[in-house]
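Visitor: Protein sequence lines, in the order shown, are assigned to chains X and Y.
With the working numbering applied, the first sequence covers 1 to 244.
With the working numbering applied, the second sequence covers 1 to 799.
Don't read these hints as lab results, they were simulated from the structure.
There's no promise every hint is true.
As the list claims (entries may be wrong) - Pulled a few chain Y residues facing chain X out of the computed Cβ check, cut under 8 angstroms:
| # | residue |
| --- | --- |
| 1 | S269 |
| 2 | E273 |
| 3 | L320 |
| 4 | S444 |
| 5 | K446 |
| 6 | P491 |
| 7 | S492 |
| 8 | Q506 |
| 9 | D717 |
| 10 | E720 |
Note that the Cβ used here is the ideal one computed from N, Cα and C, for glycine as well.
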Amino acid sequence: MNKVTLQFFLFVTVLLVSLAASAARYEVVEVQNGGTLSGKVVFSGADPAPQSYTIDGNTDVCGNSQEIDYVKVNNGALTDVVVYLDKVPAGKAFSDEEAEIDQVGCKFLPFFSVMINGQDLKVHNSDAVAHNVHTFELIGASKRTAFNVNQPDQGSVLTKRVKLRRGNAMKLECDQHAFMHGFIFVAKNPYYTLVAEDGSFTIDNIPPGSYTLRAWHATLVDQEAMVEIISSGTAVHNFEFQGE
Amino acid sequence: MKSMKVPVFWQAVIVIVTAYLVLDNAILPLMPASLIVSFMLIIVLGVLLYFARAEESWTEFKAPIIAVLRDDDKWVMRCSLLVVIPVLVSVIVYNSVRPSFDPPLELRQVHPSPPSKLNVYGKTFDLTTLENPVRTKILEQYKTDPDAAFGAYQSAVSAGSEVYYLNCFYCHGDLLDGEGPYSRGLYPLPTNFQDLGTIAQLQESYVFWRITTGGVGLPEGATPWNSVMPAWHEILNEQEVWEVIIFLYDAVGQVPRMWDAEVSRVVTSMKNEIESQRAQMSGREIYQHRCALCHGEQGAADTAVAEFLYPKPLDFTYGLLKFKTSPGELPARDEDIFNAISYGMDGTAMPGWTTLLSDEQISSLIPVIKSYDTFAAWAPEDADDEDFDDDGRYLKSDFRVITEQEPTDRQVSYTPESIALGREIAMDNCKECHGEEGRGNITSDKRLEDDWGNRVWPRDLTSPWTWRVTNGASRDETIRNIFMRATIGIPSTPMPALRAGSTADQDSVNLIDRWHLANYVYSLREKSTPPTNSTVLRAVEVTGALPESVTDPEWDEVPATTLWLMPNVVQGERLFTPLNDTITVRVLYNEDEISFLLDVTDRTDSRPGEPVSTKLQDENLTMFSDAIAIQFPKAGSYSTGPAVKKPQLQHGDARNQSTIWYWNAGSIDPAVPARSAILDGDGADKRLMARANNNTLTASGGWQHGRWRVMMKRQRDSVEVQDVDFEEGSFIPLSFANWDGSNGEVDSKHTLTGWYWLLLPSDTDNVVVYGTPLGAGAGTLLLGMVLIRSQRRKRKSQA
């Protein structure tokens, strides 16, 4: 074996090893002839009524009752849905997406937000009562504690690095107030988007290829579809969630 | 060589002292004092007779005694004895006349003789020839096909272990040592099968007899015959009993006694072969052999046994350990896993495994547990997607080993100032779940769940015996462990961390304040009385009226005794998942009446319709009214000696009946006031009936800050002849029961204590207690002086 061949083998080995090592992580590259994906998320059937909670404790801060509309339907369009491409190894850069949540009047605001995996989540407590920020990694019907920190002081800010290894979303709860619920979608690549008020979405600059497209909603069962992105082309896929 | 001859007198002394030491110490179980006294009398008499057999030895024997009494140069010794002997007599007399609070002696006949015939399962078994048919079949197969025989044996062991874990293990324990989760407070204690004096000494037919007929099947002479061991032939079929017997011998590595020596040899050689195979087991095989029955074959704790346990066995697929020492959200350290296996979890079904597994074997389980994790907790940071299976299990073995440990520096000393500061922090951070007094009564309206959706309740911080892991060897160590829990939280539960983890200024509670909090939490144990080891409850006499209500401050002066509650896992509809674990009792009496104050830590005031409890109510359980009861034998249904006799613990039986004082909290919706009743018990299978139009029991109660306090009062001299009289100086059996209504406890589903003794101490008569020993001492002194005087005279006259 001559020196050049040896060097070549070494190079290939190093390349393979580094590729393998980076498989789990997203790599930012220049996207050539990226395609675009668009569509709409609609909801058919009766729009479920918001859930109401009666409150007995800390009523001076939390009020006597609260409502959470888990399924928000706007003229037949379903909102609070994230549409994303699953397991994209490399592609365009992330746009800035800072997740910041405030606890006001014993509510997580916003109820639904989006953040990038590996970044910090900032949680404020604007209430004069203690809350504990209990986050869960969601996988299907399972929820597993990600972190759970007490936050007794009004005006305090809690910053926690979020790094989900398997799930794509988190639930927020407070164990001192049964009616506090919130959700965060945690993006692992930049090919995701929160649908607009009319349920429409567009994802651009996608490297050509075939992908699993998913639509994620906090309480409805996820939907998925296979999509084919051709060079500089536009693909369309619509999702329909069904009510009762 | 010059022979050293011990003087005859000292020979006698040595023989007597040695005999006493042997009787007192070398013979197990301990000999009753009365028996020692009679043996010693015989021995002393024998020794005296021995030396008195000839004039010569008798003279030699008494020579030193006479010398002490007479000789001029022995006056020091003489005077000393003149002081020592009367004092000794006084002490002995005092010990025999002083008031004694020792309970009646209950000797246990360990292996009562079996009957020759046993009637169960609709047939008659001849116990003199009966062998285990499951084993017989395996041995038959062993002759022709040993491999198949080992397979059949393994299946029998598996089947038997399932029977054991669904029925027996609650009392007899995971390690078969008689220390199961609900064994506390039982008397007699559940049998320890690890003890070589138990099944290893017995034939399988004997074990079959004991299991199928239980406590009620014990012969009349077998004391005590009030064991709560059920008659299992009513619950298990014949095959299951034989299989569980195979499992018992297998689990403790023993073989049964057998008639046929040849068969016995084969059974022993099979056992040896299996044991040598097991000694070579890998971590994964040990897991399947020892852990899988509760924690599941794939670590998911989805087992039949788990359904009957509270708290549930840990599900390893979430990669979380409740009690860990790594900071923040880092997965548990290997030491945390190792310690959890080695020392177990107090108050749960998880025992410490050091008696059955070596340190190496326990360490070999760590990667097995990590391999069941589906959340990539211990998988390396840069692991490939391809290295995980579809369920998310990491398939390689290079798991992360966490070395970082949460620091416990700058510990604050345990002072009243620190405790007071800690209380303020607790009110801001802990009160919503642990309650104002720390008893774990949720004051917010959230039903707390763990990550798996199982109901969880905050710890009662006033009862450290209900804690897991956190109790240390010293106060400072325990405080450090509390600090650790408060700092890190308890992952997979609602218990949050008080340290945010990223920067110190974001911590919910700063380092020093967390130490104050830990000191405060430690101090809460002073509010409670830990469970007793004694079997006696002493009542306190008062002159004048007894307290009118449970809030009367007079109760605070009365010494409290805390007793273990165990769920009824033996009779009728059974309860496997209790929440209340102890009852604290205070007893007062005056000339006419006796009054009991019963405290039960109960996180909810379960009177159906009560708003807070209704919000917290477990949706899978119906809420019933909380209730509490005291049971006494009827007059004549018990005996304190010479052989102790008590009725069957659960409502006696037809011949030995019990009287039960019962109080029920009532409900708010529908509006039913609290009520009390006198019930008559004549067997666990009979429905308890309340005595009609009976208002002899006065009872009242209230719930506050996570605790029921109930008072029950009745006349001491029973109005109704069948009931016991509460006489001073006599020991009366009593037991307690508690129904936690929010836990779905009703009828036979409830918790109970074993039998304890109630004692109303008789008045101390000072003339008798101090006068008698003084008199005896003075008398001895006088006698001694007279003796010396006469001996000295004799000497003079001889001289």
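Visitor: Now, for every hint given, state plainly whether the structure supports it.
Guide: Hints versus structure:
Because the beta carbon of S269(Y) sits about 49 angstroms from the nearest beta carbon in chain X, more than 8 angstroms, this interface hint is broken. Given hint, E273(Y) at the interface with chain X, is violated; its Cβ is 43 angstroms from that chain's nearest Cβ, farther than 8 angstroms. Taking 8 angstroms as the C-beta cut-off, the interface hint given for L320(Y) holds, the closest approach to chain X being about 7 angstroms. Interface restraint check: S444(Y) against chain X, minimum CB-CB distance 5 angstroms, threshold 8 angstroms, status holds.
At its closest, the beta carbon of K446(Y) sits 4 angstroms from a beta carbon of chain X; the interface hint therefore holds under the 8 angstroms criterion. At about 6 angstroms, the closest approach between the beta carbon of P491(Y) and any beta carbon in chain X falls short of 8 angstroms, and the interface hint on this residue holds. About 5 angstroms separates the beta-carbon of S492(Y) from the nearest beta-carbon of chain X, less than 8 angstroms, and the hint is met. With a cut of 8 angstroms, the hint placing Q506(Y) at the interface with chain X holds, because the nearest CB-to-CB distance is about 6 angstroms.
Among the interface hints, the one on D717(Y) is violated; its C-beta lies about 49 angstroms from the nearest C-beta in chain X, farther than the 8 angstroms criterion. Taken as an interface hint, E720(Y) does not check out: its beta carbon lies about 46 angstroms from the nearest beta carbon of chain X, beyond 8 angstroms.
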